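J.: Mind docking chain C on chain D? Use the hints.
Listed here are the chains, written in short residue letters.
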Amino acid sequence: MIFLQLFITFSKIGIFNFGGGYAMLSLIQDEVVNKHHWLTVAEFTDIVAISQSTPGPIGINAATYTGYTAVVNAGYPQWAAVLSAVMTSLSIMWLPFILMVSISKFLLRHKDSQWIKDIFGTLRPAIVGLILAAALMLMNTENFGSPSQTTFVFIVSVAIFLFAFFGTRLFKIHPIVMILLSGLAGLLIY
Amino acid sequence: MSIYTELFLTFSKIGSFTLGGGYAMVPVMEKEIVDKRKWLSHEEFLDILVVAQSTPGLFAIDMASHIGYKYKGIPGGIVGALGVACPSIVIILLIAMFFHAFKDNVYVEKIFMGIRPCVVALILAPCFSMARSARLNHRNLWIPLLCAALIYFMGVSPIWCILAAGTGGYVYGKIKS
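Chains as they are written, first to last, in the numbering used here: chain D, -3 to 186; chain C, 7 to 183.
Bound-form chain D, shown alone (with noise of 0.2 Å):
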């Protein structure tokens, strides 16, 4: 059953995300693309460019797109697939707003505590690698080519891929500027 699929996955998405929109990506890739196959990796990464380009926090971008592709995918009328995205939205949303109206008043009073400087200073180095491994799942054929079939897509694709990365590392290039220019490149060169 799809519907309990989805509200389930996007539930499990929202309680285990620390670490803001590009920690989460990890976990949506690994469950969205891996496990289930909803989405392939480069309608992932689309999504990906999509979310950075329009407003709003990426987790809800994802949860809305994967919940309407997943059910048009699966047969269902396009009604269907519109309750499905709301619905997948609202999954992510619901359990970590029943833990924060719980321990807010907790967690406020021991903000200062030890422990809970301990447990963030492993978890935020462990997010990082979260995000290093999201990376690194989306560099595969789909997203620059084949070296050897299509060695020109390749090159290309890491051409834009080096200009994008020291664009933004260096010279503090917005990320949207830098999807328009590469869409471009991509409409002039390919």
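One or more of the hints may lead you astray.
[Stated by the list, open to error] Not close to chain D: a few residues of chain C, all C-beta gaps over 12 Å, as computed:
1) Val40
2) Asp68
3) Cys133
4) Lys180
[Stated by the list, open to error] Pairs of lysine-lysine, BS3-like flavour, derived with a Cα cap of 27 Å:
5) C:Lys44 x C:Lys19
6) D:Lys8 x D:Lys101
7) C:Lys116 x C:Lys19
8) D:Lys113 x C:Lys19
9) C:Lys76 x C:Lys116
10) C:Lys180 x C:Lys109
11) C:Lys19 x C:Lys37
12) C:Lys109 x D:Lys107
13) C:Lys182 x D:Lys113
14) C:Lys19 x D:Lys107
15) C:Lys44 x D:Lys107
16) D:Lys8 x D:Lys31
17) D:Lys101 x C:Lys116
18) C:Lys37 x C:Lys76
19) C:Lys78 x C:Lys44
20) C:Lys76 x C:Lys44
21) C:Lys37 x D:Lys168
22) C:Lys180 x D:Lys107
23) C:Lys109 x D:Lys31
24) D:Lys8 x D:Lys113
25) D:Lys8 x C:Lys182
26) D:Lys101 x C:Lys109
I should point out that these hints are in silico values taken from the structure, not numbers from a laboratory.
This one's a predicted model, so the numbers in the text were calculated from it and none came from an experiment.
We put the beta carbon where it would ideally sit given N, CA and C, even for glycine.
T.: Chain C alone, transformed into the frame defined by chain D:
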């Protein structure tokens, strides 16, 4: 205008005008909630920031629901969360419907062939900026590397890495003290 309508509209405004997700919303929220509407004091806002950072979930949603909750209890929290999420749900839904009709278009495919490697770079870049805020040094660098290797090479779920890292930090702190 009822207070809930106002709460919903304020947060959907914040949700529809902030690009780049969670942390980009903080200054906008502070301006709307603390400076303009005076629903919360500056100290209360900072407290909420601390809680939102240390509880799981989407940062922007956590912020919105917590501000709403602090201001008007559980109904306020629900209205705040829905308000901030609503614009992105609508926008993405429209894009998803549009994209399904156009994704096989040859020009759209060309554009996305250019964008995909760029997105990978955009995901990799924050690893380096986050390394600073996560206080990475030669003594704890093995933690992110091990996590990435477990996920990438062994197919371990990121959930296990989060649970292990949190528990590990807690236990390590207890042993040390």
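J.: Of the numbered hints stated previously, which ones are contradicted by the structure, given in increasing order?
T.: The structure breaks hints 2, 3, 4, 7, 8, 9, 10, 12, 14, 17, 25 and 26; every other hint is satisfied.
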